[in-house]
Structures are given as structure tokens and as C-alpha cells.
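K.L.:
Here are the chains, one letter per residue:
Number of protein chains: 2
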Amino acid sequence: MLAMAALLPACAAAQAPAPAPAPAAPRVPSGMQWLYGSGEGGASSLQAYAAFSAYVIGRAQARPEESVVLAADATLDNPRMLPCGERPLAVVLDVDETAIQNLGYEYDEAVRGLSYDQERWNRWERTGADAVLAMPGAAQALRTIRNHGVAVLFNSNRMAAHADQTEAAIDGAGLGPAVHGETLFLQGDHGTGSAKDPRRAAISARYCVIAMAGDQLGDFSDLFNARTLSVPDRRRHATTPPFSALWGQGWFMLSNPVYGPGLRGTFDEVFPADRRWSDPHGGNR
Amino acid sequence: MLAMAALLPACAAAQAPAPAPAPAAPRVPSGMQWLYGSGEGGASSLQAYAAFSAYVIGRAQARPEESVVLAADATLDNPRMLPCGERPLAVVLDVDETAIQNLGYEYDEAVRGLSYDQERWNRWERTGADAVLAMPGAAQALRTIRNHGVAVLFNSNRMAAHADQTEAAIDGAGLGPAVHGETLFLQGDHGTGSAKDPRRAAISARYCVIAMAGDQLGDFSDLFNARTLSVPDRRRHATTPPFSALWGQGWFMLSNPVYGPGLRGTFDEVFPADRRWSDPHGGNR
Chain A
0 MLAMAALLPA
10 CAAAQAPAPA
20 PAPAAPRVPS
30 GMQWLYGSGE
40 GGASSLQAYA
50 AFSAYVIGRA
60 QARPEESVVL
70 AADATLDNPR
80 MLPCGERPLA
90 VVLDVDETAI
100 QNLGYEYDEA
110 VRGLSYDQER
120 WNRWERTGAD
130 AVLAMPGAAQ
140 ALRTIRNHGV
150 AVLFNSNRMA
160 AHADQTEAAI
170 DGAGLGPAVH
180 GETLFLQGDH
190 GTGSAKDPRR
200 AAISARYCVI
210 AMAGDQLGDF
220 SDLFNARTLS
230 VPDRRRHATT
240 PPFSALWGQG
250 WFMLSNPVYG
260 PGLRGTFDEV
270 FPADRRWSDP
280 HGGNR
Chain B
0 MLAMAALLPA
10 CAAAQAPAPA
20 PAPAAPRVPS
30 GMQWLYGSGE
40 GGASSLQAYA
50 AFSAYVIGRA
60 QARPEESVVL
70 AADATLDNPR
80 MLPCGERPLA
90 VVLDVDETAI
100 QNLGYEYDEA
110 VRGLSYDQER
120 WNRWERTGAD
130 AVLAMPGAAQ
140 ALRTIRNHGV
150 AVLFNSNRMA
160 AHADQTEAAI
170 DGAGLGPAVH
180 GETLFLQGDH
190 GTGSAKDPRR
200 AAISARYCVI
210 AMAGDQLGDF
220 SDLFNARTLS
230 VPDRRRHATT
240 PPFSALWGQG
250 WFMLSNPVYG
260 PGLRGTFDEV
270 FPADRRWSDP
280 HGGNR
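Protein chains in written order, with numbering that gives the first Met the number 0: chain A, 0 to 284; chain B, 0 to 284.
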């Protein structure tokens, strides 16, 4: 009985649940620090918009025969651009993290330690119009482009059902006017789902698109979003001829390390097998 | 006794230590996925180098009176550029994540779940010369710039003691020649520590610097590295006049969300207080 009794306290202690550790206070993800908080990220956006604006002004003077929108029969190995005809000149921009910084949404998601949620994003589209800012350089560039007689159009995967609020977000950031169906094209307007090519086709029926800006390859062509395309093949297509010549020359990339299809890949997909190094000093994790 | 005996198995089970969870396999950090693995990151680099090359060719034809290197008495509020005199034209580039991708080092660090270590980086400088690649667009841009009679100089915080290996890394990536003391300036050459202004001053005594490229604000002026400069003030100075006009017009930023002083800041430093949003649906972490 003594031995038995002696067991009881230890036993009870062992059975008592350990106190749950306090959750670590969330820190700002490094991609957000760079994109929204750093001079480097701001400079990168200013540089992209300076190049975009200068390019558009130059092209508007020498009226181009070719659009920078790929034809319907184009492939990654055999691209072809649409002809312009006599249609009026336009530029096409993505909205989120291309034209505007979604500061309110990203703050809420990060400070609460959450990951992306489509329903929360939908609520953001409906209620967050006043918690954004223009990307650095965007407002001045779009003003200059409009002053040169070139139409500014937006092609976004925000929902057509929230068009009023997205118009308000763009206008409030100083980038408007954005008018749904005229200068703002949204998910649900043409074709289905997040494909942007059907909207680019609809825009191209009315305009000669001389430049496009985005933060994802899908802002330029849905061909880059093919599920069969591996991470290294996707990078190879974007960075070798013919597409390599378009960056800064019709297609303009805004750097977004916070979200999107650019944030994918295993070690073997991201790091070339012939560029590995092992610390000669060794060491463990 | 029966009750006591019945307690024992449960008690013994409770006392058995839980098996230690297997360490989670490290995943590629999202910044590395974007910079080294994505078409978006590659496009961003191609775009920056296309703008760099075009700008340098234009400036080399209309010989500038002013350098893009700040004078010794410049401040962030009152900057002044050095005069060029009749000195030969040059461009100045940072090396790491500006001219070359340090794939071997970043792979080793990430796959072993480690964070930055100065001693490991020193071993990388000494032994990793063949595990790098040029940043997309860098090789063609530097070739074009040299063909236009403009000298290509490198200003890096790699150690002068490892000059041979850094020359080999740059040459091996197809970006050379880099010759220590002539076209390659390293930590220890002029001044002390990681300050790059003394090296920019030494370069400016021999050259008219018409463009600079880097992935950190310190690649353009040490003024941005003042410890007294808050994260928001640093971004404000980089993105408002007079410095805002330099991006893509003499100063060229390569996007690096993997490391560096751009990856800093608390929620209050990164997100403006007047651009907050709380999900109306609420929800907890």
C-alpha cells in the first residue's frame, strides 16, 4: 500500500496536462517587410513605373503595328502578337500589388498569424477600399500616360460583383478613373474563373495595347499558368527568347514576393543541380 | 485495491515520454522561391538590366557633367552629386544578388534550416566560386556597356582577403573581367567595415560614374544606412524627391527579398496606421 500510495502524486503529476505554451507574437513576414516597408521595395516600384511611363510615351509617338497581347493561337514556343489596326492606344494593368498595395488586408492577415483565405479576401474586396495605397510611382505614371492620349485599363481577378468597391479603391488611391466595363475588367466579365486572356481579347477588340504591367506572369498571358508547366520551365520560358526581350519593352513586372504563383517550388525546382555547395565545415541543423 | 490496480496501466502510459516529433523538413523560403525560382523574379531582373543598359548607352553619348555618386558633404535632405570633369565613364555594380545569384550558399543554408552565419559566408567566399549564376540579364547588359566604351566596376562587401575567389566567381558567371584594385573594390580596400562610400570616393577620383546598380540602398549611398534612420523614414527618403527621381535614371535597383536591410520592420513600421483593416467577420489566430 505504501508503494502504491507513493506512486499516486507522481502519477497525478504525470497526468496533469502541461500548460500550453503562449503563442509566439506574429512577426511581419519578410516579403511584406520588403514590399510594403522598405526603401528597396519602394525604389523597385518607382523604377518599374518610370520605365513603363517612358516606354509608353515613346510608343505612342511611333504608332506601333503590333499589340503586346498574344494572339489566341500563340504558344510559349511560338508566340505571335495581335495586330493593332487603327484602334486607339491603351495600356493594361493588373490591380493588386501592381497598381495598389493591399495594406489593410495584408496587415490583418499577418498580425493575426493567418494565411490566405478566399472568403476573407472577398470581404476585403467589399469593405477595404479605403485601406490601400498606390504602388510607388503608379499615380504619376498613369497621369503622364493619360496626358499623352493613351487609355489606362485595368484587368483584375477581383470579382465583378464587387466592381463598385474596386472602382473606389483605384480612384481613392489616385489611379482612376476606373469604370467597370469601360476601363475596368473583372472576374466574371468575360470567360470563366481567373483566366485573363478572354478579357485581354475583349480589350484588344477595342484597343491597341502598347504595354502591360503586372506582378504575375498570368497578367501577361495565361499560357504561363498551364498546370503542366514545371517551376523551372516556367522561369525558363519567361527569361529566354522570345519572352526575355519583352521585360521593360512592352511587358512590365512589379516585384511581389508576398503571394502568387512566383512563390512555389521545392529545393530541386528552385536551385539548379549544378550550382550546389556544401559548407566544408559541415554542421547540422 | 481493485481501483488502485486499475489506475496503474493508465498511469504508466501517462508517464511514458511522448516520442519526439520528427523535425519538419525545411521548405524553400518564399523569398528564395521568388528570386531564384520564379519567372516573375527572373523577369524583374531582366527588366532592371534592360533599363540599366539602355540608360548607360544614352548617357555615354551625351557626356554628363555630373556623376551619380553623392558628394562627401551630401545629406539625405540636401544631396549633391560629384562633378565628372574629364574622367573616363564607368558604371558601378554591387556583386551579391545584384550581379550574381549566390545559389550554392542559399541552398546550403536553407536546406539545412540554418540562418545567416558570417563564418559560413566567409567559407562560401573562399570555396563557392563555381556555385553561382549571373542574375538574369546581367551578362548581356555588361557586354553591351563595355562595347560602348564604359568601364564596368564592382563595389562589394566581400573581403579583400578573398579577392581571387570573388574575381573567379564574377568571371565564371560571364560578367568579368573583374580585377581587384582595378575593376573590383572590396571590403578592406578603402575605409573600414562595410561602408561603401570610401570606395565610391576612390572610384570617383578616377572615373565619372554614370550609373550604379545594387539590391540595397547602401549600394548607392551609406547615408541610407544611418542607425538613426527609422524603417519608415528610410523608405520615405528613398521614394520621395529628390531620390525618387533617380530610380531607373542613374540608380538601378535589383529586387532582393531574401536578405538585407530591406527585410526589417515591426507591424507599426511596415503598415501605415491610416491603412489598417479588420476583417468584419472577425476570427481568431
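Treat the hints as calculated values from the structure; they're not laboratory data. Honestly, I wouldn't trust all of these hints.
[As the list claims (entries may be wrong)] Which chain A residues stay away from chain B? Per the calculated CB distances, all over 10 Å, these:
| hint | residue |
| --- | --- |
| 1 | 56 |
| 2 | 127 |
| 3 | 176 |
| 4 | 186 |
| 5 | 190 |
| 6 | 200 |
| 7 | 215 |
[What the hints assert, rightly or not] According to the in silico footprint, chain B covers these stretches of chain A (three or more CB under 8 Å from chain B):
| hint | stretch |
| --- | --- |
| 8 | 141-155 |
| 9 | 165-171 |
| 10 | 223-237 |
| 11 | 266-276 |
Glycine included, every Cβ here is placed at the ideal spot set by N, Cα and C.
K.L.:
Against which earlier hints does the structure fall short, listed by number upward?
P.N.:
The structure breaks hints 2, 7, 8 and 9; every other hint is satisfied.
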